[in-house]
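Heads up: the protein sequence lines correspond to chains D and U, in order. In terms of the working numbering, the first sequence is residues 164 to 492. In terms of the working numbering, the second sequence is residues 186 to 546.
Hints listed in this document are in silico derivations from the structure and should not be mistaken for laboratory results. Don't take every hint at face value.
[To be verified] One side of the interface only, derived from the structure: several residues of chain U facing chain D at Cβ under 7 angstroms:
1. S323
2. V326
3. I335
4. Y342
5. Y366
6. A505
7. T508
8. P511
9. V514
10. V517
11. I523
12. A528
13. L529
14. M532
15. Q534
Cβ coordinates follow ideal geometry from the N, Cα and C atoms, glycine included.
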Amino acid sequence: MELASFLQILDSTVRLATPLLFACLAGLYSERAGVFDIGLEGKMLVAAFASAAASYATGSVWIGTLAGIGAALLFAGIHGLASITFRGNQLISGVAINFLASGLTVVLGTSWFHLGGQTPALTGGMRFEDITLPFALENTVANQGALRELSLIPGIYSRVISGHSILVYVALLMVPASAWLLYRTRFGLRLRAVGENPAAVDTAGVSVVGLRYAAVAITGVLCGLAGAYMSMSLSAGFLREMTAGRGYIALAALIFAKWRPWYALMACTLFGLLDAVAIRFQSIDVGVFVIPVQFTQALPYILTVIILAGFVGKAIPPRAGGEPYVKER
Amino acid sequence: MGQMPRWADVVLVPLICLLIAFLFCGVLIWSIGQSPVQALQIMVSGSLGSTYGWGYTLYYATNFMFTGLAVSIAFQASLFNIGGEGQATLGGLGVALALLYVPWPHWSLALAGAIVGAMLFGGAWAFIPAWLQAKRGSHIVITTMMFNFIAYALMNYLLVNVLRPVGKMDPASARFDKLTYLPKLGDILGLVGIPFSNKNPANISLLIALACALGVWALLWHTRLGYALRAFGKQEKAAVYAGINPVRITLYALMLSGGLSGMMAINSVQGEAHRLLLNSVEGAGFIGIAVALMGRNHPFGIVIASILFGFLYQGGSQLALGTTIPREVIVVLQALVILFTGALPYMVQKPLERLFVRRAV
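So that you can see chain D by itself, here it is in the shape it has in the complex (with noise of 0.2 angstroms):
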């Protein structure tokens, strides 16, 4: 393979990865605390909508995100008031959320902009616009032979690390963020310990219903970044059912990491790989037989179920996941 098409595949590898990243981590702090989340789909479909109804009508990609945020949030309360404050059936209060934001975001998709459901294109400053970092080459028209000329360490870093949206830098810092707020901070210590064994947690004197509200309000707010992502920086505005399974794959890498940050990390990039290299080539002849697209497709859930099945290595969830907590009376 050349060069160029390598260096193509590393790029959008960074931004299919982004908000598989985002997502991953959203569902990290909410699983860590004891909060099954499958609704990871639906928070960031209805983010995603959110930011792009909310940045064409202001014209401000910021509103937009928050927006986005703002969005998430909500459905992440809804989340956390049936599976923490009601102690519903946390699975099943995913599964509604998914639905939820399905039919909402069409709903009031088609009756606000009337497209079919999806938002009229973002332009200028509603989208997110690329950063390109000292010395690099700008990714522009003229700039395109330049680029293409370029030998692999330069070519990497102007083509694959260079020339995002801030949120691609964002979530890549979120990974050592999330990692010093998990294990090197009281709060973490408290997370973690609310999704192992959160009578103990209760006997220090902590709040469990405190602590799992707070975790699932950054599983909301990291959310909003995914969809905020999806609508204004990897495509132009919001499209009907935009998400298309990412938050399940995002689970998907959770699972894969073992619920850790910097696993998360290679995941997401492992599954943001495999989504690029699906869309690149159709189907891959290596010489003894063809792998069609469509068993690149289903790889991540493939590796996860093979992962979860303590085949290769065992991926433990949180001893206290899905069980509300019930103070002893």
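Add chain U to chain D, keeping to what the hints say.
Chain U in isolation, oriented as in the chain D frame:
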């Protein structure tokens, strides 16, 4: 804590949940500048106002009965099978293979063959997650969810590369032989002198779904396996102590569930499309969750809830034709039903319980 009368728990709670969901959707329709009352009128007249509408309502209801029963049988064993979508997809494959490659002389034999194919393939697709849960301890919800996506990719591959007839563009199998077409509900009702429209896809599968509901009821409450299944669901440790094999129960419950999900294909693939399409399930696997929750996990409740959801689906499509309200309003309603009956039951149940206890004192 006092007990509510049983009828209140079984009838009143789901009804109140449904009412709240309807109210929310009414507000939603009103907020986008449409009339909720008019919307309801269109839905009722479009789905229940003619035998044509009833046919569609019952056709959808048949799908939901299969998937709802599937979810509920797993629920009874305390297993959440979220993979109905994938199992029904594979069931469709089983039906298609049975009908494409065997020259059936009569529709009744074809139906029997299709049922075997649907149950085998649907059950097999549930077997792997069940085995992984029972033997390897992987989480059933995550695995069945992953298997939905794997099923979709597999179906995509098979339809594009294997089953698609030469020279055709769309990813679908060849048409089945006309001999395998199932009798329409209109024809069956015509035999007993009831006039019923024939221009809708409702077919004999409805009767099979009803028989399945009866079968599930008998299985759960009148057989040894059903008892073991429910005991395992209520209190796993006690069941194991009583000599119930947890691995076997998990496998049985999930395979029955997968088989029932797969059975949906005799209605949608053999009964309606007459060929295998890429998305033959159309979300019915997920609606099964709402139906099972709404029907309180009881086969008879599920039959009623299925008809309700059939009405909502047919009504929703009429809504899209008659007004500018998108049919996705129904998806919102479905989400709210799942939310209130499944995730927030205490929100409705607790105040209601208090009300009943106060009256009793």
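(message) Are any of the numbered hints broken by this structure? If so, which, sorted upward?
(response) Violated hints: 5, 6, 7 and 15; rest satisfied.
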